[in-house]
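Participant: In case you want the letters, here they are:
There are 2 protein chains.
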Amino acid sequence: MYAVFRWCFIFWLPLFLICCEQQRDGDLDIQAESRTRENKPPKRYGSVIRIKPEMVEKYRELHAEPWPEISAQIYRNNIRNYSIFLKDDYLFAYFEYIGKDFAADMAAMAMDSMTQEWWKLTDPCQVPLESRKKGEWWASMEEVFHQH
Amino acid sequence: MYAVFRWCFIFWLPLFLICCEQQRDGDLDIQAESRTRENKPPKRYGSVIRIKPEMVEKYRELHAEPWPEISAQIYRNNIRNYSIFLKDDYLFAYFEYIGKDFAADMAAMAMDSMTQEWWKLTDPCQVPLESRKKGEWWASMEEVFHQH
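So the protein lines, in turn, are chains A and B.
Take the first sequence: its letters are residues 1 to 148, numbered as in the working numbering.
Take the second sequence: its letters are residues 1 to 148, numbered as in the working numbering.
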């Protein structure tokens with residue numbers, strides 16, 4: 001009788017413990033991801049530039065179907081949730097940066113030959129603000145308010 | 001012997017099955033949340049307004065420490081990831097809406113007495129664009145590009 005009891009115990013108990021451990025690991029993964037999301041939010045960037053009224057339609061068309069290489073480069077350089085908004089002759093860009101070295105990622109983007117080709121099409125649509133900082137094309141903005 | 005075997009089986013099997021079911025439910029929850037995130041992204045809103053140069057500092061101060069009631073109302077009306085950016089005499093607002101009836105949520109916000117008090121302070125800082133649509137204060141913008 002004890003032999004059978006032992007057999008049952010040996011057979012089911014490890015399965016039960018393995019199953020509990022998997023459940024616990026799953027819970028810890030979710031907690032870890034949640035912590036990362038809360039404690040290390042991406043850095044938000046807002047920037048502004050003017051657009052030539054006669055180039056609005058061309059700019060719209062270009063951005064309705066951006067080249068896949070451009071999208072891939074943006075992603076590779078750690079930019080996420082990237083929108084460009086238009087009103088009158090103003091463009092506003094918003095994105096979130098999830099990398100560790102923004103300057104290095106922006107430099108890598110500027111070095112990319114496809115991005116350079118893309119900018120040859122988009123730059124002539126735009127008129128940079130005179131008040132922009134040295135070295136900027138799009139003028140960086142100050143975030144005066146944020147609520148998660 | 002069979003009695004003991006049956007006892008072991010009856011005792012451990014339900015525990016094992018319950019444990020497996022919990023694990024499966026956890027997996028399904030994660031899948032469901034992932035699907036929601038991918039297939040039902042929030043709707044993004046961009047809007048723009050001008051600011052009186054002499055009111056910039058007051059506007060900055062107000063938004064550095066917004067009233068808790070205002071933050072709560074914004075949250076209650078399903079607005080998330082809300083930023084306001086400043087450059088020269090322009091303010092740009094970006095937020096994500098996770099509710100089902102934007103017009104109803106905005107109407108509820110406009111009806112809130114604390115929000116009305118808040119707007120009595122912020123409205124005099126701002127100069128709405130003449131090109132804004134009827135009924136707007138902040139002028140809504142067109143999203144011409146988005147990359148997740």
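There may be inaccurate statements among the hints.
Repeated chains share a single entry, so a pair holds when one copy, or any two copies, can fit it.
[As the list claims (entries may be wrong)] Simulated crosslink set (SDA-like; lysine to any residue; CA at most 20 Å straight-line):
#: 1; residue 1: K52; residue 2: E143
#: 2; residue 1: K133; residue 2: Y45
#: 3; residue 1: K134; residue 2: E96
#: 4; residue 1: K58; residue 2: Q147
#: 5; residue 1: K133; residue 2: Y90
#: 6; residue 1: K40; residue 2: W138
#: 7; residue 1: K52; residue 2: S113
#: 8; residue 1: K133; residue 2: Q73
#: 9; residue 1: K87; residue 2: L129
#: 10; residue 1: K87; residue 2: S71
#: 11; residue 1: K134; residue 2: L86
#: 12; residue 1: K40; residue 2: E117
#: 13; residue 1: K52; residue 2: D105
#: 14; residue 1: K52; residue 2: E142
Rather than coming from a laboratory, the hints here were simulated on the basis of the structure.
Participant: Cα distance capped at 20 Å. Does K52 pair with D105 within a copy, between copies, both, or neither?
Facilitator: neither (28 Å within a copy, 35 Å between copies)
Participant: Given a CA cutoff of 20 Å, do K87 and L129 count as a within-copy pair, a between-copy pair, both, or neither?
Facilitator: Classified as both: same-chain Cα gap 15 Å, cross-chain 10 Å, threshold 20 Å.
Participant: Within a copy, between copies, both or neither: where do K40 and W138 come within 20 Å Cα-Cα?
Facilitator: Intra 26 Å, inter 31 Å, cutoff 20 Å: neither.
Participant: Please sort K133 with Y45 into within, between, both or neither, judging by C-alpha distance up to 20 Å.
Facilitator: within (15 Å within a copy, 27 Å between copies)
Participant: For K52 and S113, with the copy left unspecified, which applies at a CA distance of at most 20 Å: within, between, both, or neither?
Facilitator: Neither, since 25 Å and 42 Å both go past 20 Å.
Participant: Is the C-alpha distance from K52 to E143 at most 20 Å within one copy, between copies, in both cases, or in neither?
Facilitator: between (26 Å within a copy, 17 Å between copies)
Participant: First find the shortest C-alpha distance between K87 and S71 inside one copy, then the shortest across copies, and answer within, between, both or neither for a cut-off of 20 Å.
Facilitator: neither (23 Å within a copy, 27 Å between copies)
Participant: Pop the pair K133 and Q73 into one bin, within, between, both or neither, using alpha-carbon distances up to 20 Å.
Facilitator: Result: close neither inside a copy nor across copies, 24 Å intra and 36 Å inter.
Participant: Measure nothing new, just compare the shortest in-copy and cross-copy C-alpha distances for K58 and Q147 to 20 Å and report within, between, both or neither.
Facilitator: between (35 Å within a copy, 19 Å between copies)
Participant: Are the CA atoms of K134 and L86 at most 20 Å apart within a copy, between copies, both, or neither?
Facilitator: between (24 Å within a copy, 18 Å between copies)
Participant: Within a copy, between copies, both or neither: where do K133 and Y90 come within 20 Å Cα-Cα?
Facilitator: both (18 Å within a copy, 16 Å between copies)
Participant: With 20 Å as the alpha-carbon cut-off, assign the pair K52 and E142 to within, between, both or neither.
Facilitator: The answer is between: 16 Å across copies meets 20 Å, while 24 Å in one copy does not.
Violated hints, listed in ascending order, are 3, 6, 7, 8, 10, 12, 13; each of the other numbered hints is respected by the structure.
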